[in-house]
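J.: If you read the protein sequences in the order shown, they are chains A and B. The opening position of the first sequence corresponds to residue 837 in this note's numbering, with each subsequent residue numbered one higher. The opening position of the second sequence corresponds to residue 7 in this note's numbering, with each subsequent residue numbered one higher.
One side only, chain A facing chain B, incomplete, derived with CB under 7 Å: (1) L845; (2) S946; (3) G1019; (4) I1049; (5) T1051; (6) R1052; (7) Y1061.
Just so you know, these hints were derived from the structure itself, not from any lab. Each residue gets a CB set at the ideal place from its N, CA and C atoms; glycine is no exception.
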Amino acid sequence: MAVDVRDDLREAQREAWQHIASPGSWWTGAQRVRIAEVARAAIGDDDPLPPWVGLSGSERYDDDGLVPTPAIDVAYRIARHAGTMTESVYETVSADIGELPYVELCTVVSMVAAVVAFHRNAGLEVPPFPDAVAGDPTEEQPDELASAGLNWVPVAAPADQMAAVVQAYTAVPAGLEMTWRLGAAQYIPNEEMVHPDWMRRPDGLTRPETELIATRVAQLRECFY
Amino acid sequence: MLSWSSDHDGDTVDLTSIGSGDGLVGEHAEVLWRFASACGERNDDELAAARQAVIDAVDEAFMVDAAAVAANFEMMTRLADSTGSRLNPAHHEHVAPAAGALGVAEAVSRR
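This is chain A alone, in the form it adopts within the complex:
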């Protein structure tokens, strides 16, 4: 099926794939691609593991030591069973891999979920991940981090001055920026969020139609937020 995808959306998703394959703040490009591959496989798994079973302990994963197994397991769980995540799981995993690497992992998994879902939804083949880009992680982080009342994860200070989903990735600035760039192309540009009459183009989705889709998907994912 040939589907004409508007240029801004195609470009944002291409950038997301390239972003994933590039060195991050705390993971190398090769590690990020591995996390992304796990997430993609989890999303498409016709016989998914239960949330409490780690992928790394199953016969489905051949551990070569590239990515610590707690990261592999939580990537699978977030990709496939995000609604079952608990604070104790977060605390256990972040104690193993670090809080900021955990946040970066979340940015990778959530972007994979978006791009894979778009292609499936539109009847298109999901593009392969680019080859991993060599290089060390940048160790970029905000000048000051803070514990948040509205999230488990640390955020850029000052905490809780904005909605939880807006501040959630602020501890990993590059992942935050790419996430919101995707969001602008897929959903609504951030600056238009407050406008109930905003439409991407004449005869396009109205805001209530957009929110109908959003609400239905969130409900199916059992996402309280």
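Using the hints, position chain B against chain A.
T.: Showing chain B alone in chain A's frame:
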């Protein structure tokens, strides 16, 4: 956001309709609800049919926009649930009826 935008539009949505698909309001609401449901579920035949129904009702560009919105909320639900995102407690009173209507008030992801 659905309640807010539909109230503004003058077609207040009964949020219980999001679970059942019954009683939706708006010209394209039924076809979009079917498509969003199929995007979130795992039946490829139904997804293909729902996708074509959107194209037939409007056009392909409309379907692409709808597919992208659905995809965005695959991203945002994972963002929210992996980072323990909570609603501001000051908003709980306002949100509780909506959560009940949507059937997510007892979800594991409630924090």
